[in-house]
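Sequence lines, in order, name chains F and U. Residue numbers for the first sequence follow our numbering, beginning at 2 and rising by one. Residue numbers for the second sequence follow our numbering, beginning at 2 and rising by one.
Read the hints as simulated data drawn from the structure, not as lab findings. Just so you know, these numbers come straight off a predicted model, no measurement behind them. It cannot be assumed that every hint is accurate.
The list treats identical chains as one, so a pair stands whether inside a single copy or across any two.
Calculated pairs, DSS-like style, for lysine-lysine (alpha carbon to alpha carbon, straight line, at most 30 Å) [unchecked claim]:
| # | residue 1 | residue 2 |
| --- | --- | --- |
| 1 | Lys372 | Lys28 |
| 2 | Lys289 | Lys3 |
| 3 | Lys253 | Lys59 |
| 4 | Lys87 | Lys142 |
| 5 | Lys372 | Lys314 |
| 6 | Lys195 | Lys369 |
| 7 | Lys316 | Lys383 |
| 8 | Lys341 | Lys228 |
| 9 | Lys383 | Lys28 |
| 10 | Lys40 | Lys372 |
| 11 | Lys164 | Lys59 |
| 12 | Lys40 | Lys369 |
| 13 | Lys3 | Lys341 |
| 14 | Lys318 | Lys372 |
| 15 | Lys445 | Lys28 |
| 16 | Lys372 | Lys59 |
| 17 | Lys383 | Lys318 |
| 18 | Lys445 | Lys314 |
| 19 | Lys372 | Lys316 |
| 20 | Lys164 | Lys369 |
| 21 | Lys195 | Lys163 |
| 22 | Lys210 | Lys314 |
| 23 | Lys253 | Lys202 |
| 24 | Lys59 | Lys195 |
| 25 | Lys92 | Lys288 |
| 26 | Lys210 | Lys248 |
| 27 | Lys445 | Lys316 |
| 28 | Lys253 | Lys383 |
Protein chains: 2
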Amino acid sequence: MKEADVVIIGGSAAGPVAGVTVRRHYKEASVLLVRQENKAMVPCGIPYIFGTVGSPDKNVIPDALLSNNGIELMIDEVTSVDRASKTLTTKGGELVGYEKLILAIGSVPVRPPIPGMNLENVFPVWKDSDFLGQAQQVMGKAKDIVIIGGGFIGAEMADECKKIGDVNVTIVEILPHCLLLALDEEFCCAAESKLEERGIKIITGNGVKTIIGDGKVNAVELQSGDKVKADVVIIGIGAVPNTELAKDMDLKIGEARGIWVDEYMRTSDENIFAIGDCADKFSFFTKKPSGLRLASIATVEARIAGANVFELKRKNKGVIGVFATAFGDFAVAAAGLTEKAARDAGFDIVIGEAAAVDKHPGSMPDAKEVKIKLIVDRETGKLIGGELSGGITTGEMANIIAAFIQSEVTADEVATFQMGTQPCLTASPIVYQIVNAAEQALTKLR
Amino acid sequence: MKEADVVIIGGSAAGPVAGVTVRRHYKEASVLLVRQENKAMVPCGIPYIFGTVGSPDKNVIPDALLSNNGIELMIDEVTSVDRASKTLTTKGGELVGYEKLILAIGSVPVRPPIPGMNLENVFPVWKDSDFLGQAQQVMGKAKDIVIIGGGFIGAEMADECKKIGDVNVTIVEILPHCLLLALDEEFCCAAESKLEERGIKIITGNGVKTIIGDGKVNAVELQSGDKVKADVVIIGIGAVPNTELAKDMDLKIGEARGIWVDEYMRTSDENIFAIGDCADKFSFFTKKPSGLRLASIATVEARIAGANVFELKRKNKGVIGVFATAFGDFAVAAAGLTEKAARDAGFDIVIGEAAAVDKHPGSMPDAKEVKIKLIVDRETGKLIGGELSGGITTGEMANIIAAFIQSEVTADEVATFQMGTQPCLTASPIVYQIVNAAEQALTKLR
């Protein structure tokens, strides 16, 4: 029987980071990672396979990450786990013993109950290299691509599909705007305008009733009755935690439908941890169950679980939620609660807004306007959210906001942030957006 | 007699921000800003006048910033202040009464005691539009420009001068490397290589003994005895606080040779505040006197003084020091203490290092490697410094580090930073540089 001190199941973002973290914190521990896929896809890179990077082979998490950190890799599928004997069995017939087990088994794409889902050329966004390669082949010949779901993955897929060539790309989103679960309306509208400018058709406030075709898909029929031509349909409406194995193992399932974990990322079996998309989550702000699932969150949970595996060192504070995306040189991003989410959660909030170009003076070439909106809790004065639109520094600017949120600082501390500024790299210190938005919020707090 | 509740002297970065802050916090207060210059220069934009933006007129802080915020502007020179009667007089013959006075009178370029300093075409870096216009005219015809001082201003001036056209540009730096007061050696070397790649000659570990010429400059003689041809010499060796007026007013001068201020930015006269380059400074880390003078620091002090002018609301925590610069698409940046500065200050430190490209997967076009080094105090576990090199997101990444330093978080909190990541905008969450460098430092803390 094969044995390892720590066995990790899953090779996407969370699994390898958990492995590296275990090895950093417990140098003597042997670590074995078991994954099904021959090649592990960079999860957030998947939309970019279809346009910018051009192939699943260019979107691989290198296995050197494992070997360089002394982590053994087994390509196989775990079929069952016996918690009593602390062993697992694989499809390939292996029996593996573990001291500690980490489940990083991810999520599965939501398959909406729409007639026609099983037609040829209807693709959910699977994180599998071979599947993505096949999808890419088909999409290379497509004339009319319909993307169901205008969240981050849907919007990025649309923008990338448009790069394939002479192809009509349509997003169908059931909510009033694309990206509406992550951004307030004004930022959604800015992103939609940019996508439309780039030739993408957007239909919002309208769902898909039926996927129509004869063997192969040829159109979608909307709830409004309108039809949209389609030789490829991509389903990008989210993912649900993969809990099948955990249910077989009789592990507790949480309120957000993920595998239940405590603040140390331990499941209901204290020798078994769960991290990433498969694990249940709660909000940093409300402590209530959260449906957020992001690769970045998965890696944080991996760093918590990896450090805790033999000694409880780190606590999970709940998900903040930091999003970003870009269409060409225009980006939108958010950290923490939106205005709408904060109000829905019952926070009494004030808003601070600011805008300034991302270089200074404004006459510097390629200066892009960065707009920012901060959300401050009136009761505590703390920063609880921020949204931005702007150029390509917007992603890291969202991380400044995330750093402040995580550090639980007040808007007054943000207003006296000792940032660095430089003509080619940032706004002027006089109008630095995050600081000025915090100052504006403060005038409303008093 | 003219009167205002708050009179501000100085119109560069600090003065206008103080004015805006006063008006934000005390809506009823009348604010008058007195400055000498017809046009106020964006201070950090000055090097870019000579290449990228092309003219001092394109580097102006717009006066609309004042008028839009209800701040009155007077272009005049303050010649004396009478603290007893709370009035000031100007060169133009005005008598102005104040309730509170804010001194934002800046710094003056250091003029080293080198023979030949008064030759024609030897320019210190003055923040004056007319002067800069004249310098630009001369530099447009230059064949051989020598820049004395390889700090941020010197390096940026060199890179911009090179853009003028067919001109030889040489930096002469007395220390072993350019940028050595702000960065550790390895980052200085990376910046030097980039400048050399861009055609700039760099002479280090060598000072200027004499500036040679006959009326006009024609060469500099180095301490080594070598001569370098020069039809223009730019002096970029720093600036000292402008304290002349304050001395006339009999205000206390501080240990770092600036106008002494308390933690509320009040001078030894509680009705008078001093901010920016003219004000004395202390280190956030050691609480000892600091010679750092940056526009970004000036604006933070302005936001503190402006809020405190009628009621003490904000305290100055001391300067962190956040620097960045870029040469083309290569940038270096730093926040807080360097390894050398931390050791010199007596901190027992550990270092964490990481490198990864600024997009993901690495096959994304234009992905640039970002290298990062974090400095952690062993005693408290807190992050006290960080340095980076990379692409143009490096400036805002330094601000993430600055946000963590200012929030006084530990390396462990940085290692579990819930950052956002996106293929076009950041590194992969698996290798996110700030987090991985913190993790690496932690393995040495234990």
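Tested hints:
{"no.": "1", "hint": "Lys372 to Lys28", "verdict": "between (46 Å within a copy, 25 Å between copies)"}
{"no.": "2", "hint": "Lys289 to Lys3", "verdict": "neither (40 Å within a copy, 59 Å between copies)"}
{"no.": "3", "hint": "Lys253 to Lys59", "verdict": "neither (38 Å within a copy, 64 Å between copies)"}
{"no.": "4", "hint": "Lys87 to Lys142", "verdict": "neither (49 Å within a copy, 79 Å between copies)"}
{"no.": "5", "hint": "Lys372 to Lys314", "verdict": "between (39 Å within a copy, 28 Å between copies)"}
{"no.": "6", "hint": "Lys195 to Lys369", "verdict": "both (14 Å within a copy, 25 Å between copies)"}
{"no.": "7", "hint": "Lys316 to Lys383", "verdict": "both (21 Å within a copy, 18 Å between copies)"}
{"no.": "8", "hint": "Lys341 to Lys228", "verdict": "neither (32 Å within a copy, 67 Å between copies)"}
{"no.": "9", "hint": "Lys383 to Lys28", "verdict": "between (39 Å within a copy, 24 Å between copies)"}
{"no.": "10", "hint": "Lys40 to Lys372", "verdict": "between (39 Å within a copy, 27 Å between copies)"}
{"no.": "11", "hint": "Lys164 to Lys59", "verdict": "within (17 Å within a copy, 37 Å between copies)"}
{"no.": "12", "hint": "Lys40 to Lys369", "verdict": "between (38 Å within a copy, 24 Å between copies)"}
{"no.": "13", "hint": "Lys3 to Lys341", "verdict": "neither (52 Å within a copy, 48 Å between copies)"}
{"no.": "14", "hint": "Lys318 to Lys372", "verdict": "both (29 Å within a copy, 28 Å between copies)"}
{"no.": "15", "hint": "Lys445 to Lys28", "verdict": "between (52 Å within a copy, 12 Å between copies)"}
{"no.": "16", "hint": "Lys372 to Lys59", "verdict": "between (33 Å within a copy, 22 Å between copies)"}
{"no.": "17", "hint": "Lys383 to Lys318", "verdict": "both (16 Å within a copy, 19 Å between copies)"}
{"no.": "18", "hint": "Lys445 to Lys314", "verdict": "between (40 Å within a copy, 16 Å between copies)"}
{"no.": "19", "hint": "Lys372 to Lys316", "verdict": "between (34 Å within a copy, 28 Å between copies)"}
{"no.": "20", "hint": "Lys164 to Lys369", "verdict": "both (23 Å within a copy, 23 Å between copies)"}
{"no.": "21", "hint": "Lys195 to Lys163", "verdict": "within (13 Å within a copy, 37 Å between copies)"}
{"no.": "22", "hint": "Lys210 to Lys314", "verdict": "neither (50 Å within a copy, 59 Å between copies)"}
{"no.": "23", "hint": "Lys253 to Lys202", "verdict": "neither (43 Å within a copy, 67 Å between copies)"}
{"no.": "24", "hint": "Lys59 to Lys195", "verdict": "both (27 Å within a copy, 29 Å between copies)"}
{"no.": "25", "hint": "Lys92 to Lys288", "verdict": "neither (39 Å within a copy, 63 Å between copies)"}
{"no.": "26", "hint": "Lys210 to Lys248", "verdict": "neither (32 Å within a copy, 79 Å between copies)"}
{"no.": "27", "hint": "Lys445 to Lys316", "verdict": "between (34 Å within a copy, 21 Å between copies)"}
{"no.": "28", "hint": "Lys253 to Lys383", "verdict": "neither (34 Å within a copy, 37 Å between copies)"}
Checked against the numbered hints above, the structure breaks hints 2, 3, 4, 8, 13, 22, 23, 25, 26, 28 and satisfies the rest.
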